[in-house]
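Listed below, chain by chain, are the residues.
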Amino acid sequence: MEENQTSGNDSISHFNDELCVNCQQNRFEPGKPINLCTDCRKSLIAYPIPKSIIYFAIALAVIIGVSLVRTQRYVSAAIHLGKAENAIERKEFLTAQNELLAVLNAFPDHMTANAYMMIASAYNFDFEAYGVAYERIADKTTEDDELLQQVNTASSYIAHNFPNDTVFYKKILAYPNDEQKLIALADSTDELPLKGQVANRLYDLKAYSAAQAITDSILIVDPNFYQAISMKSAIKRNLGKCKDALALCDRLLQFNSQDVYAISQKARIELKCKNDKAAAQYADKAMNLSPYNPNAMEAKAMVEYFSGNKKQSLITLAQIKEQERKTGDSTVSTRLSPIINGLEVYR
Amino acid sequence: MFIPGIIISIVTFPGVIVHELAHQLFCRLFKIPVFEVCYFRFENPVGYVLHEPAPRVYQTVLISVGPFIVNSLLCFIIGFSAALQFKFQSANVLDYFLMYLAISIGAHAFPSTGDASTLWNAVMKSGQSSWFQKAVVAPIVGFIYLGAFGSFFWLDVIYGGAVALGLPYIIIKFLV
Numbered sequence: 002m003e004e005n006q007t008s009g010n011d012s013i014s015h016f017n018d019e020l021c022v023n024c025q026q027n028r029f030e031p032g033k034p035i036n037l038c039t040d041c042r043k044s045l046i047a048y049p050i051p052k053s054i055i056y057f058a059i060a061l062a063v064i065i066g067v068s069l070v071r072t073q074r075y076v077s078a079a080i081h082l083g084k085a086e087n088a089i090e091r092k093e094f095l096t097a098q099n100e101l102l103a104v105l106n107a108f109p110d111h112m113t114a115n116a117y118m119m120i121a122s123a124y125n126f127d128f129e130a131y132g133v134a135y136e137r138i139a140d141k142t143t144e145d146d147e148l149l150q151q152v153n154t155a156s157s158y159i160a161h162n163f164p165n166d167t168v169f170y171k172k173i174l175a176y177p178n179d180e181q182k183l184i185a186l187a188d189s190t191d192e193l194p195l196k197g198q199v200a201n202r203l204y205d206l207k208a209y210s211a212a213q214a215i216t217d218s219i220l221i222v223d224p225n226f227y228q229a230i231s232m233k234s235a236i237k238r239n240l241g242k243c244k245d246a247l248a249l250c251d252r253l254l255q256f257n258s259q260d261v262y263a264i265s266q267k268a269r270i271e272l273k274c275k276n277d278k279a280a281a282q283y284a285d286k287a288m289n290l291s292p293y294n295p296n297a298m299e300a301k302a303m304v305e306y307f308s309g310n311k312k313q314s315l316i317t318l319a320q321i322k323e324q325e326r327k328t329g330d331s332t333v334s335t336r337l338s339p340i341i342n343g344l345e346v347y348r
Numbered sequence: 002m003f004i005p006g007i008i009i010s011i012v013t014f015p016g017v018i019v020h021e022l023a024h025q026l027f028c029r030l031f032k033i034p035v036f037e038v039c040y041f042r043f044e045n046p047v048g049y050v051l052h053e054p055a056p057r058v059y060q061t062v063l064i065s066v067g068p069f070i071v072n073s074l075l076c077f078i079i080g081f082s083a084a085l086q087f088k089f090q091s092a093n094v095l096d097y098f099l100m101y102l103a104i105s106i107g108a109h110a111f112p113s114t115g116d117a118s119t120l121w122n123a124v125m126k127s128g129q130s131s132w133f134q135k136a137v138v139a140p141i142v143g144f145i146y147l148g149a150f151g152s153f154f155w156l157d158v159i160y161g162g163a164v165a166l167g168l169p170y171i172i173i174k175f176l177v
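Line order of the protein sequences matches chains A and B.
If you read the first sequence in my numbering, its first letter stands for residue 2, the second for the next number, and so on.
If you read the second sequence in my numbering, its first letter stands for residue 2, the second for the next number, and so on.
FYI, nobody ran anything at the bench for these hints, they're computed from the structure.
In silico SDA-like pairs for lysine to any residue, Cα to Cα no more than 25 Å straight-line: (1) Lys88(B) / Asn99(A); (2) Lys32(B) / Gln25(A); (3) Lys33(A) / Ser131(B); (4) Lys92(A) / Lys174(B); (5) Lys33(A) / Asn17(A); (6) Lys52(A) / Phe41(B); (7) Lys174(B) / Asp146(A); (8) Lys84(A) / Ala92(B); (9) Lys286(A) / Ser258(A); (10) Lys43(A) / Glu30(A); (11) Lys43(A) / Arg57(B); (12) Lys43(A) / Leu26(B); (13) Lys88(B) / Ile65(A); (14) Lys88(B) / Gln151(A); (15) Lys126(B) / Pro46(B); (16) Lys43(A) / Pro56(B); (17) Lys88(B) / Thr72(A); (18) Lys174(B) / Leu102(A); (19) Lys88(B) / Gln73(A); (20) Lys84(A) / Tyr158(A); (21) Lys172(A) / Ser218(A); (22) Lys32(B) / Arg28(A); (23) Lys88(B) / Met112(A); (24) Lys33(A) / Asn122(B); (25) Lys286(A) / Glu325(A); (26) Lys32(B) / Tyr56(A); (27) Lys43(A) / Val35(B).
Whenever a hint applies, use it, and build me the whole structure from the sequences.
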């Protein structure tokens, strides 16, 4: 409904044709569609823009300026969010979590970013980050059913690690070295995380067949139970069944392709089977993903030790202990220390 | 829902002003004398620019489709930050205003049938235009009429919304 119209000169034929059609005072410039004198042409080319329109344009320019300044912050966050979404699609949950941290630093209460953070941190078993994200959106609603479904799946994935029956869990702790009592305890419960804990104890006792029987019984009920798959992988490794052990790690990596534990485990399996070159590659990959992860550092220390660099492996062990002091969990250094100090034969 | 075009034009008046200003600025750029400019009024057409015919075809084309370039660009720039605010669920009154402004400007990006008519007369009916020029201009005129027809179905407003709200998301997807 807006127009730009060219103006013909038919309607001004009653004017003096020899003079400018606008001012009727000067001779017009020849060779132009409309007979205008030089002065009129100049002034009409610079047809004035009203002050109100100039103010409107200035206001618009200010708005654009403000928009551009504000946009920078949002563009950066939106790119990080987009990268996180892509990483989650590819099951690269470590990358996703790092990208989401950048988004949540700028927008702590963003619903979608927190939901994605719950998903990523669940698959990374980062309980603290999961809890923080959960607290931020616990009372919020969403109409995105697909996202909700993803969050629920991730939440059940991380929940596997929490035994519900704490009294029963204390019973497991009461019999740390009694194989028969531990097996009986495993038989007396249907709770998979508790069975997993029993298998873990049996593994520590080197009762591998009993531990594997329990992990197998867990995997019949839930073929994707993380604890059971990782435990079975460790058992297979210690039994020298490297192909089986590696295949189980690959199953873990199907849940989270950046599972540092699984990648480090592959390094340890390859070392066990004396494939030191492959082990070094897995250790490097784990360290690149998460350089302060004790599992990755353990794989690195073992690769260093078995390549003859004992001094460096001891330095790495010290670094692991330093990391463990922050979390209070010394599992990795406890199992690594005897190996690189020559007290335990690993292979 | 049928809402008369004049009502939409009144509600989205900033876009009309930018549209006419774009015509005028392109005329000034090509040193074409302008005889009258109406930036906005409450009747049909809601705005217009009267100017001398441009001597070259490309100038005629650019004067006619100038608002499409200027309005679309402004719609995108103004809409961008507001669209991202909506994405981050932190939109405030300013963002709603910016989005209104962006969509209003975007909704008037399409050249009018008057613009198409000017273009048609200047190029297709001119004996001086080459076949190539006619081949380029004919589809442009076709699209302008298609846009005018589409405005019955709110195509102009939908276009404004797509540029202000949809394009930023697509660009972010592209940057990721």
